[in-house]
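Under our numbering, the first residue of the sequence shown carries the number 129, and numbering increases by one thereafter.
A few of these clues could be false.
[Unchecked claim] Beta-carbon label-pair distances, calculated as ranges:
| hint | residue 1 | residue 2 | range |
| --- | --- | --- | --- |
| 1 | ARG174 | MET132 | 15 to 25 Å |
| 2 | GLU151 | ARG190 | 32 to 42 Å |
| 3 | PRO186 | PRO216 | 37 to 47 Å |
| 4 | THR164 | ALA143 | 28 to 38 Å |
Hint data in this document are derived by calculation from the structure and do not stem from the laboratory.
Using N, Cα and C, we set each Cβ at its ideal position, and we do this for glycine too.
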Amino acid sequence: MSSMLQDSQLAHEEAVVWLEDMEHLDYVRQALDKSTRRRGKPRYERDGRMIGYVNLLPDAGRDPDSGLFERRTFFLLPHDRPNDPAGPYEVGAPGEAVDPRTIAPGR
Numbered sequence: 129m130s131s132m133l134q135d136s137q138l139a140h141e142e143a144v145v146w147l148e149d150m151e152h153l154d155y156v157r158q159a160l161d162k163s164t165r166r167r168g169k170p171r172y173e174r175d176g177r178m179i180g181y182v183n184l185l186p187d188a189g190r191d192p193d194s195g196l197f198e199r200r201t202f203f204l205l206p207h208d209r210p211n212d213p214a215g216p217y218e219v220g221a222p223g224e225a226v227d228p229r230t231i232a233p234g235r
């Protein structure tokens with residue numbers, strides 16, 4: 129997934145919750161995942177580890193097709209730079225990478 133999301137996909141975000149200190153991270157990957165809940169830690173079904181997630185506002189609607197809420201999650205895969213400094217991202221970053229210091233609800 130691209131790191132470029134539409135403003136409408138972020139409009140109902142209330143808060144970003146970090147599970148780890150992100151100050152030492154050059155990047156995290158972001159994805160728009162479907163969840164049964166607006167708040168709380170969503171299920172994580174990828175390799176690697178979840179670094180953070182977004183809680184939604186109480187009035188956030190469900191996706192009309194799936195009936196689920198769309199929420200951003202932030203994660204790192206085993207071959208990402210913080211886990212493998214000499215790996216494939218020793219230089220550069222993956223397409224879905226964002227600077228965690230620039231992440232805020234709705235942007």
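Quick rundown of the hints versus the structure:
1. ARG174 <-> MET132: 15 to 25 Å: holds (20 Å)
2. GLU151 <-> ARG190: 32 to 42 Å: With Cβ atoms ~34 Å apart, the hint holds.
3. PRO186 <-> PRO216: 37 to 47 Å: Holds - the Cβ-Cβ distance for PRO186 and PRO216, about 41 Å, lies within 37 to 47 Å.
4. THR164 <-> ALA143: 28 to 38 Å: Once the Cβ atoms are compared, 18 Å apart, the range 28 to 38 Å for ALA143 and THR164 is violated.
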